Structure formats: structure tokens, C-alpha cells
Amino acid sequence: MEKEKILELVKEYYKENHVKKDYEIGDRINYAGRVYDEEEMCNLVDSALDFWLTAGKYTDEFEKGLAKYLKVSYCSLVNSGSSANLLAIMALTSQLLGDRRVKRGDEIITVAAAFPTTVAPIIQCGAVPVFVDISIPSYNLDVSMLETALSNKTKAVFIAHSLGNIFDLHTIREFCDKHNLWLVEDNCDALGGEYEINGEIKLTGTIGDIGTSSFYPAHQMTMGEGGAVYTNNSLLNKIIRSMRDWGRDCVCSGGQDDTCNRRFKGQYGTLPFGYDHKYVYSHLGYNLKATDMQAAIGVAQLKKLPDFVEKRRANWDYLRENLKGLEESIILPEKGDKANPCWFGFIVSVKEGSAKTRDEMVSYLEKNNIQTRSLFAGNITRHPCFDGLVNGVDYKIIGELKNTDYAMNNAFWIGVYPGMSTEMLDQMIKTIKESIEI
Numbered sequence: 047m048e049k050e051k052i053l054e055l056v057k058e059y060y061k062e063n064h065v066k067k068d069y070e071i072g073d074r075i076n077y078a079g080r081v082y083d084e085e086e087m088c089n090l091v092d093s094a095l096d097f098w099l100t101a102g103k104y105t106d107e108f109e110k111g112l113a114k115y116l117k118v119s120y121c122s123l124v125n126s127g128s129s130a131n132l133l134a135i136m137a138l139t140s141q142l143l144g145d146r147r148v149k150r151g152d153e154i155i156t157v158a159a160a161f162p163t164t165v166a167p168i169i170q171c172g173a174v175p176v177f178v179d180i181s182i183p184s185y186n187l188d189v190s191m192l193e194t195a196l197s198n199k200t201k202a203v204f205i206a207h208s209l210g211n212i213f214d215l216h217t218i219r220e221f222c223d224k225h226n227l228w229l230v231e232d233n234c235d236a237l238g239g240e241y242e243i244n245g246e247i248k249l250t251g252t253i254g255d256i257g258t259s260s261f262y263p264a265h266q267m268t269m270g271e272g273g274a275v276y277t278n279n280s281l282l283n284k285i286i287r288s289m290r291d292w293g294r295d296c297v298c299s300g301g302q303d304d305t306c307n308r309r310f311k312g313q314y315g316t317l318p319f320g321y322d323h324k325y326v327y328s329h330l331g332y333n334l335k336a337t338d339m340q341a342a343i344g345v346a347q348l349k350k351l352p353d354f355v356e357k358r359r360a361n362w363d364y365l366r367e368n369l370k371g372l373e374e375s376i377i378l379p380e381k382g383d384k385a386n387p388c389w390f391g392f393i394v395s396v397k398e399g400s401a402k403t404r405d406e407m408v409s410y411l412e413k414n415n416i417q418t419r420s421l422f423a424g425n426i427t428r429h430p431c432f433d434g435l436v437n438g439v440d441y442k443i444i445g446e447l448k449n450t451d452y453a454m455n456n457a458f459w460i461g462v463y464p465g466m467s468t469e470m471l472d473q474m475i476k477t478i479k480e481s482i483e484i
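For the sequence shown, our numbering begins at 47 and goes up steadily by one.
Rather than coming from a laboratory, the hints here were simulated on the basis of the structure. Be aware that a few hints might be false.
[Stated by the list, open to error] Okay, the calculated beta carbon distance ranges per label pair:
hint, residue 1, residue 2, range
1, S197, K57, 54 to 60 Å
2, N307, E220, 41 to 47 Å
3, A401, K103, 54 to 60 Å
4, K57, R366, 49 to 55 Å
5, E446, E62, 55 to 61 Å
6, F319, I247, 48 to 54 Å
7, A401, Q141, 57 to 63 Å
8, N455, G312, 54 to 60 Å
9, D145, R80, 41 to 47 Å
[As the list claims (entries may be wrong)] Derived DSBU-like pairs: lysine-lysine, alpha-carbon spacing no greater than 30 Å straight-line:
hint, residue 1, residue 2
10, K114, K57
11, K381, K324
12, K248, K110
13, K442, K224
14, K117, K381
15, K324, K110
16, K284, K149
Predicted model, so just to flag it, every value in this text is computed and none were measured. From the three backbone atoms N, C-alpha and C, an ideal C-beta is built for every residue, glycine too.
Whenever a hint applies, use it, and build me the whole structure from the sequences.
Next comes the structure, spelled out in C-alpha cells:
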């Protein structure tokens, strides 16, 4: 059977089995969901029929396409956003970076109001996370604490744009430049966000030295599991590609040999001269590559990303406008002056003294089929994983994490994903109001 015939049947299958029905009152409103059509399914089947499986033509197309969208020089596809964060931090430990290399015992500034995979790579590479409080209602790092958090061991700042709300990139970039620190943007919740810096509009993830993305189904675009690491720094890109691909020194793609004409001609370490360059390792790396089937879905999703971004913004704005009358009970989120975020969710904090607690509001929403989420770990230092950290790794807290704990106890968020209709948004608004008034 010709491939074209198979793909035509896939299109028919999509229409018969995957087209979403319209929302009806009482249906579950999830905080996130996949938005796709027959193109993603056709790409997936096309890749499966080729049966290349590992990184191939779709991977190349996706990496080039995302780099073009972000206007960056280099992009590497990986198997998850968590792997992207791990790879970004481990890249900073490379001996190729000289004095700027992150070594065991060095410090990296971050926040405890985070998803664990923004913090775990710091500890896993032997560095010390230095936790700074957040500001409310941005839920991002309190930049007034940066200088206090600085020490002679500080090597980097590694933080996420919380729920897509862009942190103060201008102040943090200046701080990093002033003290010769790396800035890593966890862009997993914020892909498509725009920020004005030095009179220029740039996309989030491109202002730091390294940016990371996740393509888990909840995020701005999906390939099921998947992530990306991107940079404009050629040396960092070399390290990232090496560590992603087992730590090998060779840059030949999988299935290709001697594209650099150096395969049996070099001297590496104390190996015999001419040792096969495909098996020379300049780093202790990983295998963090994605499959070409994942990339095939991503290629189709990338075409839809601009529309996804605009719908997320419109949905967030609609919620913000229609919840304005509730400020006596809840704190509404706010964005920075120079930011045009691509939102991951809509977060509120219940005020002290409000008639209802966060838990009461969340319980009412969930009983009425509105899915809610907490601000990820709340305060990661309070979790069991921080009891008796292994390998003698410690952590530091600067001042008190009062706002972090406040958000842990009082904040929750709902979705703004592009599959939401006005009827769904109206139902969420109605139910939130009821949760306070009833």
C-alpha cells in the first residue's frame, strides 16, 4: 500500500475519532489539554512508517524551525523538559568553560517556589542552591534580594518564568553581567513570551545564556514527551550537544561517519593516535535524545504555536478582566511593564481574612468540575526529598521565604490553554465567584 493512501486513512480516522465535541455545562474543565488535528497524526504515522525511530529528518526540521522562531543560533531537541534543565546545568560544569565552570560547592541562585526539575539539576551536579523569596503577585524571584544572595561562590542564576509570567529579565540580566554569572532561563512554562530589553523585543528563553523548553502535553506545544535546549553561544552549544549524545567528542549525526574527515586522524587524551573519533568522549554525558516520532508531532505543533500563544494571552486577559471585582478576597496576578507573557496558567492567592480559605475554594471548584493546581512544589525545601540530602550537598536560604510559604498555603491556579472556549472561561469565572460567596 502506498504511504499516501495510509495517510488519507489517518485523516479520516482523526475526523471520526479525535474531533472534540463542544463544551456543555457540567463537563470537566481541565487546566490543560492537547490541541491538535490530523497533521500531527499524519506526521506521526509518516515517521513510524519510515521506521528510523531515533533522531532523523523530523528532528532536524524541528530544531531548525524552533531556532528560527526564537531567533537563536542553536537548538537541541531532548526527550523532556526535565532533561533540558539537567542538560543546561550540567553543560555549565564542563572544563571547557575554564574559570566560569560550575564546580562542586559552587552556588546557583534560584527560588523554592518551583517545579522540582528547576532545582534538582543544581544538587545533582554538586552545586548549592541558594533560595531567594518570591514577590506576589508576580510569583517570581524578588530581585531586591539578589545582591544579598551573592557570594564569592556564586556562578549562575537559574529560575523559571512562573506560570509563564516573565521574571524581571532586565534587572537579573544586568546582575548576571555585572558579576560574570550565567543566566539560565527555564522557559518551560513561557514559550512565546515577549520581553522588551534595551529597546528590543526578544522572546523568553533567548535573553539568558541558555533557555529550556518542555513539550509535555500541558505546555504551549506538545510532542507528548520532549524538550529543547537553546543558546546563541557556540561553545555552550558544543557542550550541550556532546552531553546530550553520551558525552562524545564527535559531532557526526547518528548513522553518519566521518563527515568531518577526522575519524581516524586525531590524538585524544592518552588514547592511541587515530582512535575512532565516534567513540571518543570529551564529557561524561547522557543519552537525552528524543525520537523522530516525537519530533514529527512537534513539527506540526510548531506551525500552530503563534496561534496557541495568542489564545493563551486572550484567555488570561478574559479571566483577569472578569475577576476584577473580587480583590477583597483574592489577589489577582500581574505582569511586568515590559512583558507580554505567553501564560501557562492563571494564579490567584486567597487573602488573609477572606471569608473562604484556599482549600475551601479549591474544594468547591473541584466538586464543580473545575480542575485546579497548586503552585508546583510550593516550597521545595519543605518536601521529603530535602530530608538528609545525599553526597553532603547543602542548600542556603536567604532571609525568610515568607511569600513562598504564603503562596504554598494560599495560592492555586486554573488553566488558560488554547482549547478553552468562552463558555468554559465563563463557567470558571462563575464558579470562582460562587466559591467565595456561597
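Quiz item: Going straight from one Cα to the other, do K381 and K324 come out at no more than 30 Å?
Solution: Given that 30 Å is the threshold and the Cα spacing comes to 48 Å, the pair is violated.
Quiz item: Between K324 and K110, does the CA-CA distance stay at or below 30 Å?
Solution: With Cα atoms ~24 Å apart, K324 and K110 stay inside 30 Å; holds.
Quiz prompt | Beta-carbon spacing of A401 to K103 - inside the hinted bounds 54 to 60 Å or not | solution = 58 Å, holds
Practice problem: Could you say whether the range 54 to 60 Å given as a hint is met by the Cβ separation of N455 and G312? | Solution: 58 Å, holds
Quiz item: Is the straight-line distance between the alpha-carbon of K442 and that of K224 30 Å or less?
Solution: Roughly 22 Å between the alpha carbons, so the hint for K442 and K224 holds.
Self-check item: Range hint compliance [Cβ, K57 to R366, 49 to 55 Å]
Solution: For R366 against K57, whose Cβ atoms are near 38 Å apart, the range 49 to 55 Å is violated.
Quiz item: Do the beta carbons of A401 and Q141 sit within 57 to 63 Å of each other?
Solution: 59 Å, holds
Quiz prompt | Hinted pair K117 and K381, Cα distance within 30 Å | solution = 24 Å, holds
Quiz item: Are K114 and K57 close enough, with their CA atoms no more than 30 Å apart?
Solution: 29 Å, holds
Quiz item: Is the hinted range of 54 to 60 Å satisfied by the C-beta distance from S197 to K57?
Solution: Holds - the Cβ-Cβ distance for S197 and K57, about 59 Å, lies within 54 to 60 Å.
Practice problem: Measure nothing beyond the straight line between the CA atoms of K284 and K149; if it is 30 Å or shorter, mark the hint as holding. | Solution: Roughly 19 Å separates the two Cα atoms, so the pair holds.
Quiz prompt | Outcome of range test on Cβ distance (F319, I247; 48 to 54 Å) | solution = 51 Å Cβ-Cβ, so the 48 to 54 Å window holds.
Consistency with the previously given hints fails for numbers 4 and 11, ordered from lowest to highest.
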